[in-house]
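S.K.: So for the sequence shown, our numbering puts the first residue at 1; every next one is plus one.
It is possible that some hints are incorrect.
Cut-off 25 Å, straight-line C-alpha distance, at most; resulting in silico cross-link-like pairs (DMTMM-like, lysine to aspartate or glutamate) [stated by the list, open to error]: (1) K51 to E123; (2) K196 to D222; (3) K232 to D177; (4) K201 to D223; (5) K196 to E126; (6) K196 to D177; (7) K196 to E124; (8) K196 to D133; (9) K196 to D136; (10) K232 to E264; (11) K201 to E182; (12) K201 to E119.
Using C-beta positions, here's what the derived DEER-type ranges look like [claimed, not checked]: (13) D280 to S229: 27 to 33 Å; (14) W176 to A81: 43 to 49 Å; (15) A50 to P233: 47 to 53 Å; (16) Q226 to N282: 22 to 28 Å; (17) T195 to F248: 21 to 27 Å; (18) A81 to S229: 34 to 40 Å; (19) D280 to S152: 24 to 30 Å; (20) D222 to V39: 39 to 45 Å; (21) H202 to R172: 18 to 24 Å; (22) E34 to F283: 30 to 36 Å; (23) E139 to S204: 26 to 32 Å; (24) R41 to R146: 34 to 40 Å; (25) L79 to R218: 18 to 24 Å; (26) S49 to Q268: 35 to 41 Å.
Please keep in mind that the hints were generated in silico from the structure rather than gathered at the bench.
Every value quoted in this text rests on a predicted model; they were computed, and no experiment measured them.
Ideal Cβ placement from N, Cα and C applies to all residues, glycine included.
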Amino acid sequence: MFSGVKARFSALRRILLAGISRFLELLPRLVTREHLHHVERVLLRHQISAKWDQIHRLEGLRERPSSLLCELCGHESELSAFREFRTHCIFGGGEIVRHQCPACDVIFGSNTMMRLSAEALTEEYEWHYLAFDEGDSTEDEIRAFRGLQPESRGRYLNWGAGNWSQSLSRLRHEGWDVLGFEPHSSAMPQNGVVTKLEHIKHLSFDGIFSNNLLEHLRHPADDLRQMASLLKPGSLMSHATPCFDYRFEFTRFHLFFFLGRSREVLAQRAGLEVVSFEEDGNFMNWVLRKP
1 MFSGVKARFS ALRRILLAGI SRFLELLPRL VTREHLHHVE RVLLRHQISA KWDQIHRLEG
61 LRERPSSLLC ELCGHESELS AFREFRTHCI FGGGEIVRHQ CPACDVIFGS NTMMRLSAEA
121 LTEEYEWHYL AFDEGDSTED EIRAFRGLQP ESRGRYLNWG AGNWSQSLSR LRHEGWDVLG
181 FEPHSSAMPQ NGVVTKLEHI KHLSFDGIFS NNLLEHLRHP ADDLRQMASL LKPGSLMSHA
241 TPCFDYRFEF TRFHLFFFLG RSREVLAQRA GLEVVSFEED GNFMNWVLRK P
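Using the sequences and the hints, build the whole thing.
M.R.: Structure below.
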């Protein structure tokens, strides 16, 4: 009886080993680069969520402040004077708490994101672009470009030109002289897009345009002044984003929502003149002029 069981076990073992051997032969065909890339992204998203879970645990140990300083206009008041907004980040960032300034109407935050160093914020974008895809923003970018009222002999700059848009190639195909600047190399910018500001500092542009950019800027007034330094006097910049209202609030990367008086405050602090504001559903476009 024992010998019979042993024989059956040996036969089962041979079948199992043969099956494993066959599976290993087929493994290179079954596991493609796409599968490995998917697994890598899943693991990275898990790391992002775990990282932010720990960050929020540490944040919970902080003493709640009694006052708050507006990140745009500098107004300081008791925390209770700022309206609070809470939501959840769909990209693994946990809860997002933002506040609205009673003096300029801007909604800003979270404070956790605001406290990150420039290096840490860059790392957040690097991880994000490796783990998630951005939607195609071609049409809105082109609409923002048209807001410059461009002239055929002008030179224009797309600020924030990642790989999620075909606007540069389409505009160039139409004959426009358009360059792209993308500060985050991890966004896998298109060919011909520079990632270092020093590569374009010597140039002078007739217009600068962007789409879904302003809400990401940690210091928007400083960044607008930097853009203006590349513009010829009297030239325009055109910035499109739905975050001129409190929309698309479900990502921690949206640091500012420019409601009410905040657009005028931002323009004044950047030394720019407001030309126009267009709203068409989620497409909102703000045009400014360098004096």
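S.K.: For every hint, state whether the structure bears it out.
M.R.: Each hint tested on the structure:
no.: 1; hint: K51 to E123; verdict: holds, 12 Å
no.: 2; hint: K196 to D222; verdict: holds, 17 Å
no.: 3; hint: K232 to D177; verdict: holds, 15 Å
no.: 4; hint: K201 to D223; verdict: holds, 14 Å
no.: 5; hint: K196 to E126; verdict: holds, 16 Å
no.: 6; hint: K196 to D177; verdict: holds, 19 Å
no.: 7; hint: K196 to E124; verdict: holds, 19 Å
no.: 8; hint: K196 to D133; verdict: holds, 23 Å
no.: 9; hint: K196 to D136; verdict: holds, 23 Å
no.: 10; hint: K232 to E264; verdict: holds, 22 Å
no.: 11; hint: K201 to E182; verdict: holds, 14 Å
no.: 12; hint: K201 to E119; verdict: holds, 22 Å
no.: 13; hint: D280 to S229: 27 to 33 Å; verdict: holds, 30 Å
no.: 14; hint: W176 to A81: 43 to 49 Å; verdict: holds, 47 Å
no.: 15; hint: A50 to P233: 47 to 53 Å; verdict: holds, 50 Å
no.: 16; hint: Q226 to N282: 22 to 28 Å; verdict: holds, 27 Å
no.: 17; hint: T195 to F248: 21 to 27 Å; verdict: holds, 25 Å
no.: 18; hint: A81 to S229: 34 to 40 Å; verdict: holds, 35 Å
no.: 19; hint: D280 to S152: 24 to 30 Å; verdict: holds, 26 Å
no.: 20; hint: D222 to V39: 39 to 45 Å; verdict: holds, 40 Å
no.: 21; hint: H202 to R172: 18 to 24 Å; verdict: holds, 21 Å
no.: 22; hint: E34 to F283: 30 to 36 Å; verdict: holds, 34 Å
no.: 23; hint: E139 to S204: 26 to 32 Å; verdict: holds, 28 Å
no.: 24; hint: R41 to R146: 34 to 40 Å; verdict: holds, 35 Å
no.: 25; hint: L79 to R218: 18 to 24 Å; verdict: holds, 22 Å
no.: 26; hint: S49 to Q268: 35 to 41 Å; verdict: holds, 40 Å
Hint compliance for this structure: every hint is met.
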